[in-house]
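Residue numbers (my numbering), protein chains in the order written: chain B, 1 to 112; chain G, 1 to 113.
The hints are simulated quantities; they were obtained by calculation from the structure and are not laboratory data. Careful: at least some of the hints might be erroneous.
Which residues of chain G face chain B? A partial, calculated answer using Cβ under 7 angstroms [stated by the list, open to error]: (1) ALA29; (2) TYR32; (3) ARG43; (4) ASP49; (5) GLY55; (6) VAL87; (7) PHE103.
Where is the CB? At the ideal position from N, CA and C, for every residue including glycine.
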Amino acid sequence: DVKVTQSSRYLVKRTGEKVFLECVQDMDHENMFWYRQDPGLGLRLIYFSYDVKMKEKGDIPEGYSVSREKKERFSLILESASTNQTSMYLCASNAGTNYGYTFGSGTRLTVV
Amino acid sequence: GENVEQHPSTLSVQEGDSAVIKCTYSDSASNYFPWYKQELGKRPQLIIDIRSNVGEKKDQRIAVTLNKTAKHFSLHITETQPEDSAVYFCAASGVRGNNRLAFGKGNQVVVIP
Chain B
1 DVKVTQSSRY LVKRTGEKVF LECVQDMDHE NMFWYRQDPG LGLRLIYFSY DVKMKEKGDI
61 PEGYSVSREK KERFSLILES ASTNQTSMYL CASNAGTNYG YTFGSGTRLT VV
Chain G
1 GENVEQHPST LSVQEGDSAV IKCTYSDSAS NYFPWYKQEL GKRPQLIIDI RSNVGEKKDQ
61 RIAVTLNKTA KHFSLHITET QPEDSAVYFC AASGVRGNNR LAFGKGNQVV VIP
């Protein structure tokens, strides 16, 4: 089974802090994604990546950046955390076009 | 881009009855349609998917049907059990979407024992 591992299950950060969320997959997948999940809003795409050092904006990229220096690792960066970024963050990967995603367990981030 | 809508947002069924969730999509070029189940506090997990060259796919108690003309697809759960209680997400993707999945907002299914 593909494993997508997110480094933290729960995080509490202060407003203005720089926050790093890490995601690692172990199946040599080309594509990796970062979503945030909020009640009533479903899954919203923040950024995605098709290859190392490649990134594309999703639907809600403002306030976030990403890094993909190695194929297996995709990091989400909150440059200056704000309270409206309190959310569940889900990382996912897949093998290519028209293949389902495998999600990580999620990181619940609280910004105070 | 692709827009996926899910109806109804909440569905309650008696244990043993069937549940049906319908999704509509906007991009006629979409050709891959997965369904995810997310139990409380857990990650979304792929439960079934269908590609546009197929009209129906079944896996034990779950099935998905696709109507490309009407641009909708549905998840059918038969003989529902309490462990079917979860949020179900539909999604669609295709060439124009650059492999991105566009998700519906989710449907809360509650199976009443």
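To see whether the hints hold, each was checked on the structure:
1. The criterion of a C-beta within 7 angstroms of any C-beta in chain B is not met by ALA29(G), whose closest approach is roughly 12 angstroms, and the hint is violated.
2. A distance limit of 7 angstroms between C-beta atoms decides the matter here; for TYR32(G) the minimum to chain B is near 4 angstroms, and the interface restraint holds.
3. Of the supplied interface hints, the one on ARG43(G) holds, with its beta-carbon coming within about 4 angstroms of a beta-carbon of chain B, less than 7 angstroms.
4. Below 7 angstroms, beta-carbon pairs count as interface contacts, and ASP49(G) has one with chain B at about 6 angstroms; its hint therefore holds.
5. The interface hint given for GLY55(G) is broken, as the beta carbon of that residue sits about 17 angstroms from the closest beta carbon of chain B, more than 7 angstroms.
6. At about 9 angstroms, the closest approach between the beta carbon of VAL87(G) and any beta carbon in chain B exceeds 7 angstroms, and the interface hint on this residue is violated.
7. Taking 7 angstroms as the C-beta contact cut-off toward chain B, the hint placing PHE103(G) at the interface holds, the least distance being around 4 angstroms.
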